[in-house]
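Visitor: Please model the entire structure based on the sequences and the hints provided.
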Amino acid sequence: MKYIDEFRDKEIVKGLISAINASARAKINLMEVCGTHTMAIFRSGIKQILPSSIDLISGPGCPVCVTSQSDIDRMLSLARNKDIVITTFGDMLKVPGTKGSLEKENAGGADIRIVYSPLDALAIAGREPRKEVVFLAVGFETTAPVIASVVSDAAQKKIGNFSIYSCHKTIPPAMKALLEAQELQIDGFLCPGHVTSIIGSRAYDFIAADYGIPCVVSGFEPTDILETVLMLIRQKEKNRACVEVQYARAVRRQGNVKAQEMMDRVFEPADADWRGLGSIPQSGLRLRKEYGSFDAAVKFRIPSFKTTEPRGCICGDVLRGVKTPQQCRLFAKACTPENPFGPCMVSSEGTCAAWFKYNRD
Amino acid sequence: MDEKILLAHGSGGKLTHRLLSEIVFPAFSNPILKKCEDAAVVPLEGTCAFTTDSFVIQPIFFPGGDIGKLSVCGTVNDLAVMGARPRYLTAACIIEEGLGVSVLRTVVASMAQAAKKAGVQIVGGDLKVVEKGACDKIFINTTGIGLILKTCRISANNARPGDCVIINGTIGDHGAAVMSARKDYKLRSSIRSDCACLNGLIERVLRAAPGVHVMRDPTRGGVATTLKEIALQSNVEILIEEDALPVNGPVRGLCEILGIDPLYMANEGKVLVFAPAKDAQKIIAAMRKHPLGKRAAVIGRVTSRPARSDTPHVLLHTSIGSTRIIDMLSGGQLPRIC
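Keeping their order, the protein sequence lines are chains A and B. The numbers in the first sequence follow our numbering, run straight up by one, and end at 361. The numbers in the second sequence follow our numbering, run straight up by one, and end at 338.
Warning: the hint list may mix true and false statements.
[Stated by the list, open to error] In silico DSS-like links for lysine-lysine, alpha-carbon gap of 27 Å or less:
(1) K238/A x K47/A
(2) K183/B x K157/A
(3) K186/B x K131/A
(4) K94/A x K183/B
(5) K131/A x K183/B
(6) K82/A x K132/B
(7) K186/B x K258/A
Simulated from the structure, these hints should not be mistaken for laboratory data.
Guide: Structure, rendered in structure tokens:
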């Protein structure tokens with residue numbers, strides 16, 4: 001099958017592994033900042049075939065996981081409003097708030113509907129004009145343009161009973177925050193392929209230039225990831241730091257300009273709270289003033305809550321890459337996908353979920 | 001306009017009788033059912049397998065089958081994988097008021113057809129109607145009884161190191177068919193459910209290799225979950241070869257698009273067979289001679305559980321030459337698939 005089998009070819013994998021083995025001398029820490037990379041790495045067992053000197057560390061790449069506890073609590077309070085239909089991607093359902101989860105609110109009578117596209121949420125609003133329909137907009141630059149276009153559509157069609165609760169975040173400021181925190185030696189970034197297909201590889205120029213950290217934008221198949229690792233090692237070997245694109249079949253330096261324009265028209269950068277990383281300047285996407293009437297937080301005057309993160313949960317440390325799930329005393333004991341304490345165990349892209357599913361021993 | 005099922009159809013009165021005599025009895029026609037007793041009286045001699053299952057699938061019609069066919073095949077297969085020859089079923093329907101009578105007619109006809117093909121008789125049943133919203137269109141429960149074939153000693157506890165693991169064909173077709181039939185995904189595909197009664201194929205396998213240790217149909221939770229259950233019950237390690245798993249092209253495509261694993265997708269016409277490795281070729285040959293086993297394959301083997309591991313693992317040898325564990329499905333990939 002085109003675009004699948006070629007990228008999982010055993011012989012190509014063998015060739016890449018021997019090239020990596022030949023180049024990898026010193027210890028090297030590489031971080032992936034995309035949940036889909038995390039899952040792909042675990043699913044094909046890449047860690048096990050890499051030399052032990054290479055450490056692949058999962059960073060804050062899962063949008064559900066990095067959503068702050070206070071945002072989740074505010075979503076739950078929206079769900080408790082009987083006039084509101086909550087629409088969301090399935091991953092949000094089980095995420096525990098300070099009290100309860102959307103799944104539990106649903107069982108308790110809240111109207112929560114899983115959608116596969118924000119377009120479906122807008123369609124519900126059109127069909128049910130007496131209800132208020134709120135879409136929980138959780139994601140990175142990959143989903144932001146689609147949501148922007150839906151909001152712009154709603155404005156054009158004057159659909160007044162639709163709004164979004166935006167927890168959208170952007171990746172480069174989080175990478176910067178990780179480097180500034182200096183908690184962890186990061187020798188290179190596997191940059192997210194799909195985010196970069198939108199924002200363009202130039203978005204990481206400052207990381208290579210100002211921090212001297214190699215960046216390679218990677219695809220998601222095993223050979224993509226291995227080639228990316230090799231490219232990062234080679235930069236490190238040569239003492240170089242630049243932005244390279246391994247995922248050339250999807251990523252351009254300028255990115256998807258049309259999508260960027262759509263995003264810019266509807267959203268503006270704002271400070272945002274990240275689980276584990278705290279408030280990061282200009283790392284969130286807020287609706288621009290012209291679209292203020294579609295902001296659920298304003299429309300329904302959601303209060304801020306005093307929130308507490310689950311006791312013993314180290315999701316924050318896991319998201320920063322400073323601890324692995326197995327260093328958490330709740331992991332696979334009290335905290336499982338059926339009974340999650342923190343979001344990293346809930347989301348299909350979460351680091352704890354990946355470890356639980358593929359790498360427990 | 002199509003006549004609708006009313007609450008009165010479930011009252012036990014005239015309308016119920018009309019429904020039964022016009023739709024149900026003619027379709028299932030057999031002397032035991034025709035007696036209309038409170039319980040079916042059936043002759044059976046020997047050790048029996050006895051099972052029940054409820055079907056709540058949405059949508060009730062999907063490519064390759066419908067809730068009627070599924071409700072017969074599901075119970076027939078549960079009996080067959082225990083090494084039993086399925087004989088009698090009962091069927092109980094809970095219907096939402098407002099369902100078209102023609103829909104019920106179609107579902108009943110497809111139950112009758114599946115039963116006939118499997119050689120089982122539907123000898124009893126029940127029909128209830130509930131208010132709109134109290135169920136979704138139609139729910140069906142079937143209970144089945146079968147006679148254990150003399151030579152069999154099959155149990156999920158019986159997997160032994162040295163066994164081979166065989167499946168009779170492609171994985172994930174049912175889950176993928178239901179998924180693409182759901183409107184939410186807005187997908188169009190040629191994928192059909194594998195929904196089928198396996199008793200014919202299984203009898204052939206047992207004739208070819210009476211020493212089969214384990215058989216189980218990997219329905220909800222898919223092959224991955226069933227393998228893990230067997231590993232736990234038999235306290236052995238199971239090693240599966242990713243490259244050996246038969247997957248239909250369109251199913252694979254759908255899984256790639258949605259980011260899901262065919263190992264966790266439901267099947268309704270597949271059986272996993274564990275048997276001594278020396279029987280592997282006999283079983284494969286027997287399966288391939290049957291229409292439901294054309295793509296039968298050995299997908300893995302059983303090894304003893306290493307002393308160091310805390311729990312019996314199922315391991316997947318990935319196509320790039322690495323190894324990872326396979327666990328049970330946690331949470332649901334898709335609710336109400338059977």
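Visitor: Each hint should be assessed against the structure and marked as holding or not.
Guide: So, going through the hints one by one against the coordinates:
no. : hint            : in the structure
1   : K238/A x K47/A  : 24 Å, holds
2   : K183/B x K157/A : 24 Å, holds
3   : K186/B x K131/A : 24 Å, holds
4   : K94/A x K183/B  : 24 Å, holds
5   : K131/A x K183/B : 22 Å, holds
6   : K82/A x K132/B  : 22 Å, holds
7   : K186/B x K258/A : 25 Å, holds
Checked against the numbered hints above, the structure breaks none of them.
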